[in-house]
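> Residue numbers (the working numbering), protein chains in the order written: chain A, 1 to 72; chain B, 1001 to 1268.
What the hints contain is simulated information worked out from the structure, not anything from laboratory work. Warning: the hint list may mix true and false statements.
[What the hints assert, rightly or not] Think about it this way: if two alpha-carbon atoms lie no more than 16 Å apart in a straight line, the pair counts; the simulated EDC-like pairs of lysine to aspartate or glutamate are:
| # | chain 1 | residue 1 | chain 2 | residue 2 |
| --- | --- | --- | --- | --- |
| 1 | A | K5 | A | E67 |
| 2 | B | K1247 | B | E1189 |
| 3 | B | K1004 | A | E63 |
| 4 | B | K1183 | B | D1035 |
| 5 | B | K1004 | A | D14 |
| 6 | B | K1004 | B | D1035 |
[As the list claims (entries may be wrong)] If you anchor each label on the Cβ, the simulated ranges turn out as follows:
| # | chain 1 | residue 1 | chain 2 | residue 2 | range |
| --- | --- | --- | --- | --- | --- |
| 7 | A | D37 | B | R1206 | 14 to 24 Å |
| 8 | B | L1238 | A | P27 | 41 to 51 Å |
| 9 | A | D14 | B | G1057 | 11 to 21 Å |
| 10 | B | M1080 | A | Q45 | 34 to 44 Å |
| 11 | B | P1002 | A | L33 | 19 to 29 Å |
| 12 | B | K1258 | A | L33 | 35 to 45 Å |
A virtual CB, placed ideally from N, CA and C, is assigned to each residue, including glycine.
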Amino acid sequence: MAKAKLKEHRIQTDWCKGCGICVAFCPKSVLELNAQDKVSVVRPQDCICCRLCELRCPDLAIEVVAEPEVSE
Amino acid sequence: MPVKDYIRERFFPHMWCPGCGHGIVMNALIRAIEDLGLSKNEIVMVSGIGCSSRISGYLDFHTLHTLHGRALAFATGVKMGLPGLNIIVPMGDGDALAIGGNHFIHAARRNIEMTAIIMNNRIYGMTGGQYSPLSGYGTLATTAPYTNIDYDFDVVELSIAAGATFVARATTYHVQQMIDVLKKAILHEGFSVVEILSQCPTYFGRKNKMGSAVEMMAYYRDHTTPLGSKAKKENPDLIERGIFVQKERPEYCREYDKIIERAKTKGK
Ligand SMILES: Cc1ncc(C[n+]2csc(CCOP(=O)(O)OP(=O)(O)O)c2C)c(N)n1
Ligand code: SF4
Ligand code: SF4
Ligand code: SF4
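So that you can see chain A by itself, here it is in the shape it has in the complex:
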C-alpha cells in the first residue's frame, strides 16, 4: 500500500491561538510554536500525515494536505 505523502500544512494563522496542542501531541515532532506563538512546520519531511494535529486543533487552524495517492 502506498503511504500518504505530505503536500503541505495549510495554516490559518489568524485563527491559531498558540495553545500548543498540535505541537505537543504530534507523534513526529513536526510542529513548533514560533516567536509570535503561532504554529509553524519545522520538520515537514518527518510528517506521516496522521492528521492528529488537524483533528485536535480547537480552532480549526491547521489542515494536513496529502499528495494525491499513487499506487506503487
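Let chain A serve as the given structure and place chain B with the ligands on it in line with the hints.
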C-alpha cells in the same frame, strides 16, 4: 465537503479561550457529520447557554440558541413537530445536569431520538468558574475556595438509569474515538448521550492547578482507559471510555404516531 463548508466563517476566530476543549468537540462533530454524509439541511442543532452552547452559533446547520438548561425542551418540540430531522443538542455540564437536570432525565426516560452531547469541563466556564454538579469532591472553584464538598454525578450511570438507549464517553485527547462514538450516537434511533471530557484551562484548570490545555489533555490520556480493559482491573481509578449502552426500545415520536392513529380510528 471541506470543513469550512460546515462553519459560519464570519464568526471566526471563535470566542473560546486558547486550548479550550469545546473547540475540539466542534472539530470532531464536523468530521462525524462529514463522514456520515448528512446534509446540513437535515440537521438541527439546539443549545442552551454557556461557553459550550456557543457552538450552535459557529456551525452552519439549522441552529437554535435557547435558554440555559432548556435546550432539550426546545429540541423535544422541534423533534415532535418535524420527526424527520436529525437533532443534536450540545450542552455544558452545568447546562445539562444542574439547571437542566430535570429535562435531561425525562428526555432520556422518553427515549426521544436525538443526540445529547455533554461537554464536561466540570465547571461553569462562561460565568467565571463556579462549581457544577460535575466538579466533584475536593475540587476548587470560585464558589468553593475551601474545596467542594459535593460529590459529582457519574454521567454514564445517570444516563443509563434514566433510560438513555445509547450512552458513551470520550475525551478531547481521544479524537478518533470521539468521532466514532458521535457517528454511532447520531445514527442511533433513540436518546443518545455522549459525555466528552473537555478541558477548561481558564477556570477548572487554573483553579485546580492542572496546568495548560496540553497538560489537561495528557491527564485524559493517562487517567482513562477503554471500557473493559485490563488496566481498569489493576487501577480502578481510571475513567472508562467507550460505548456503555446501545440498545433498542420504542422511540417516543414513533410511539406518538401510534397515538395519533389510535385517536383517528376512535374518533370515527
Ligand atoms: C436561567 C439562567 N440562569 C443562570 C444563567 C447564568 N449562566 C450562564 S452560563 C451558566 C453556566 C455555564 O456552565 P456550563 O453549562 O457547564 O457550560 P460551560 O460554560 O462550562 O461550557 C450560567 C449559570 C443564565 N444564563 N440563565
Ligand atoms: S492546535 Fe490549533 S490553535 Fe493550537 S497551536 Fe496548533 S494550530 Fe494553533
Ligand atoms: S499529520 Fe501527524 S505527523 Fe504530520 S504534523 Fe500532523 S500530527 Fe504531526
Ligand atoms: S472559560 Fe473555559 S469553557 Fe469557557 S471558553 Fe474559556 S476555556 Fe473554554
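> For every hint, state whether the structure bears it out.
Each hint, compared with the structure:
1. K5/A to E67/A: holds (5 Å)
2. K1247/B to E1189/B: Given pair K1247/B, E1189/B holds - Cα atoms ~9 Å apart, limit 16 Å.
3. K1004/B to E63/A: holds (11 Å)
4. K1183/B to D1035/B: holds (8 Å)
5. K1004/B to D14/A: holds (15 Å)
6. K1004/B to D1035/B: holds (15 Å)
7. D37/A to R1206/B: 14 to 24 Å: At 19 Å between Cβs, range holds.
8. L1238/B to P27/A: 41 to 51 Å: violated (23 Å)
9. D14/A to G1057/B: 11 to 21 Å: With Cβ atoms ~19 Å apart, the hint holds.
10. M1080/B to Q45/A: 34 to 44 Å: violated (56 Å)
11. P1002/B to L33/A: 19 to 29 Å: Since the Cβ atoms of P1002/B and L33/A sit about 26 Å apart, the hinted range of 19 to 29 Å holds.
12. K1258/B to L33/A: 35 to 45 Å: violated (58 Å)
The earlier numbered hints that this structure contradicts are 8, 10, 12.
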